[in-house]
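**Q** Each chain is listed here by its residues.
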Amino acid sequence: MPQILALTGNDAVAYAMKQINPDVVAAYPITPQTSLMQKFADFVADGEVDSELVLVESEHSAMSATVGAQAAGARSMTATSACGLALMWEILGLASGYRLPIVMPVANRALSGPINIQGDHSDTMGARDCGWIHLFSENAQEAYENTLQAVRIAEHPNVLTPVMVTLDGFIISHGVETVKIYDDAPVKKFVGEYQPHYTLLDPKHPITLGAMDFSDFYFEHKVSQLDGINASPKVILEVGREFQKTFGGMECYEFFEAYQMDDAELAVIVLGSTAGATRMVVDDMRARGIAAGMIKLRMFRPFPSEEIAKALSRVKACAVLDRSIAYGGDGGPVHIEVRSALYGHSPVPIMTNYIYGLGGKPIDIEHIASVYEDLKDAAITGRVKRRIGYLNLKENGPAIPV
Amino acid sequence: MKKYLGGTYQRLPLAGVIEEAGTAEKYETGSWGTFKPVFNPEICIQCFFCWVYCPDSAIMVEGGEVVGIDLYHCKGCGICSHECPTKPVKAIVMGKK
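Those protein sequence lines, which keep their order, are chains G and Y. Take the first sequence: its letter number 107 is residue 107 in the numbering used here, and every next letter is one higher. Take the second sequence: its letter number 72 is residue 72 in the numbering used here, and every next letter is one higher.
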């Protein structure tokens, strides 16, 4: 019988790691990831996992050790946040470029400076072009289930691409929720044994990994890597369906959840924990007879452009909520992707972008409701208040009532 | 990698992996150096210090004796000459290429 436990998001992901039982885990503490690895260290100390836990001196080393272990043929994991992810930057590219199916939970946190330890998506959004698959989670349950599925996705022979599973710092990582932890035996069966494509510890088949790769083949290897991540959407759906069949679990393991989107005229696209509050606002709008809907994006990399364009094909006005800024770009990273996805499609909704929640700035029901009110006006007037606006920001002449 | 030169990227091993061992031997690194070691067998005392220290395994040994330098792989780092203990003249001195 699955257990219903009161767990933080970090603890829930640590339970997933316990059930995955990776051969090697290398870690360095950083808020808000720290309690995740503390919980996992408990499992190691109590003999509940076989993992070799390597305590390193920085995140650069944590990812390096994980890459080394995975290349040797061991299933390896680490976890991090914010500046820790930034310090891993160089090695993120090695993990994806060497096609090592590492799974890394990331408790999303704002990047310095000014220094801030609270939640936003600046860290993983900055790493969006490092060749990793990015799965976002709305709550502790989804973080747990995404972590289990990520192993299967990453290790699929057509994919062989590392996966980041994100959970919003503090809101999910430290908030206690009821989480359904599935039984060890079926989870272990679902996750399966790791069969490495190459291993450095096979004297019968010696290989060199990490050799110099100049202009004659580097480009070719990079396009081959692209084929790997582009093969992942099919696998993500297959793995999600198998998970649903095996465990029941949540309703949506697709690229995104389309909530009340069938006849929606006003749509908000959102990532992570804010989807929970947005769903409440949609319910409230629907009760008032307003055709509101929500798209909760689960898979950000690779980006489901065609599917998003299709989901928005009957929408009159759409707002993208971004919990990070692409400085000097067209608003936030998700906004850029969605706008790009719509090019060439017709009709397309009127679009607006709201940046919110940076450095843990609260996002409340009334802020999200104000977005739908703006969309309602935009659908009537055919014009948005602002191409890029801000929610709950102290500013002169706010477009949004605070 | 010569066997892949005419083909497409789909035929390459994943991730730039080289699927055979000992391929460094086929790679000419001897052209990198500015200086090259010059070996004098008449001064050499067969201490094998150069053989131990050479980072590129470029000290040639035949019949249990150092007989010369493999200039196809030697990068001209000069460690062999630095470590050579013979005095007053070293058995390996660095010369211009």
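The set of hints was computed from the structure by calculation and includes no laboratory data. Hints are not guaranteed to be accurate.
As the list claims (entries may be wrong) - Partner residues are not named here, just some residues of chain G that face chain Y (Cβ under 10 Å, in silico): (1) 207; (2) 215; (3) 218; (4) 222; (5) 347.
Bear in mind the structure is a predicted one, so any value in this text is a computation, not a measurement. Beta carbons are placed, not taken as given, at the ideal position from N, Cα and C, and that holds for glycine.
**Q** Any CB of chain Y closer than 10 Å to the CB of residue 218 of chain G?
**A** Residue 218 of chain G check passes; min Cβ-Cβ to chain Y is 8 Å, inside 10 Å.
**Q** Holds or violated: residue 215 of chain G as interface residue toward chain Y, Cβ cutoff 10 Å?
**A** Hint violated; residue 215 of chain G Cβ to chain Y Cβ min 13 Å, cut 10 Å.
**Q** With chain Y as the partner, please determine if residue 222 of chain G meets the hint condition of a C-beta pair closer than 10 Å.
**A** 9 Å, holds
**Q** Does the CB of residue 207 of chain G sit less than 10 Å away from some CB of chain Y?
**A** OK, holds: residue 207 of chain G within 10 Å of chain Y, min 5 Å.
**Q** Once the shortest beta carbon distance from residue 347 of chain G to chain Y is found, is it less than 10 Å?
**A** Given a least distance of 39 Å, the restraint on residue 347 of chain G is violated.
Going through the hint list in order, the structure does not satisfy hints 2, 5.
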